[in-house]
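Protein chains in written order, with the numbering used here: chain U, 5 to 164; chain E, 5 to 164; chain A, 5 to 164.
Where chains are identical, the list cannot tell them apart; a pair therefore holds if satisfied intra-copy or between any two copies.
Calculated cross-link-like contacts (lysine-lysine; reagent style PhoX-like; alpha-carbon spacing at most 20 Å):
no. : residue 1 : residue 2
1   : K101      : K68
2   : K63       : K97
3   : K63       : K135
4   : K68       : K55
5   : K85       : K68
6   : K55       : K135
7   : K68       : K97
8   : K63       : K102
9   : K104      : K135
10  : K135      : K68
11  : K104      : K63
12  : K68       : K102
Treat the hints as calculated values from the structure; they're not laboratory data.
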Amino acid sequence: MEGTGNKTTIILFSGDLDKAIAAFIIANGAAAYDHEVTIFFTFWGLNTLRKDEAVRTNKGLLEKVFGWMMPRGAQRLGLSKMNMAGMGPRMIKHVMKKHKALSLPQLIELAQEQGVRLVACTMTMDLLGLKQEELLDSMEYGGVAAYLGDAADGRVNLFI
Amino acid sequence: MEGTGNKTTIILFSGDLDKAIAAFIIANGAAAYDHEVTIFFTFWGLNTLRKDEAVRTNKGLLEKVFGWMMPRGAQRLGLSKMNMAGMGPRMIKHVMKKHKALSLPQLIELAQEQGVRLVACTMTMDLLGLKQEELLDSMEYGGVAAYLGDAADGRVNLFI
Amino acid sequence: MEGTGNKTTIILFSGDLDKAIAAFIIANGAAAYDHEVTIFFTFWGLNTLRKDEAVRTNKGLLEKVFGWMMPRGAQRLGLSKMNMAGMGPRMIKHVMKKHKALSLPQLIELAQEQGVRLVACTMTMDLLGLKQEELLDSMEYGGVAAYLGDAADGRVNLFI
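One chain only, chain U, in its complex shape:
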């Protein structure tokens, strides 16, 4: 993880499948080139990290509504374009499989294996009513201060 001394940070704001795939491809590429990589998940991007089973939590009504309406995990995200009520994502997943490209869940696993830090934004978790037990294990938690600390040293800082 040292090597070049390069740091890469990505804020994943979007909850779209295509943008999440782009974020993880860049992150995994950068990690392969020995960058220290951190992805900060905020707003809809947090949905990428939700476990796909329902998790029992103690929530208010509005938080429950958000929880129902937002996609539960990387398998259920829609596309930013040509979503067509879910047909688009299925087409993309199909061609990715055909071309033996890694699926989003596999890209996330690879990122974790390569030591990419996955940081969930605690402020948006509060707003959307997402609890730590609903998100993938081995996440880190932080806010804008954590982001800025990393990004100020970063060579490549993207907002996706």
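Let chain U serve as the given structure and place chains E and A on it in line with the hints.
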């Protein structure tokens, strides 16, 4: 404003409430850590800065149409996801209030107090027919040259 | 192209007319200030570079479907906001012409004249079934490694 010598620039292209909130949270965070921060507002992002009252201006028809169709100010922006004809923004504003998070107009005010420079892109203002008197006071005005001058020295440069 | 030693990279992920215009205005501006500029086209951004005539290719059905559904070239892109079944893009093109702003095809041409490198992401080309003969001539082709090589030296790195 000196301190670390760090510079942060954000291009706010989007006119979505959630993205504008994200931009101002990052900007305010960076200003709190003594970065020199500039937000460049272009295209739909300019709507964030519109005054909420109607302003009399001398415009052609097409410019008037743009003016009517685009949201007038930070209070009226929609969400990038789950907008649901305005219910989404109301839900978000409700939970932000409940969690005592600053609203977008408060975030803008805080940014101004912290010396974050707010620069409106004159080229898109021309295209969309927006006049200076329609935007918040204490704005600066500039183009891509002003942006590049800042960004070339920036540590964190984001496009939102 | 040497001058300041500044490098600017832009990932154009979006296939929206307004975002493509923003990307090329920044790219052309940076090139005018002697930055070395590269735009990486990935996912829907690749549509910006399609030739506007149909090109005969040897494709599978799903790739043909993608090809039909995606806009063919810079003239046919929609807007990220207020697209209104194509009326929005026509309005924008109209005001750009009125203000004598360069159109997207002209901005692309200018970028090529100024030596901006246009790199198509080969991985997404495979996924979406786009062939080199469908894209503008004088493109370069590369993957995430090429991007990271440039971006790690870049002063301004944006994801649009």
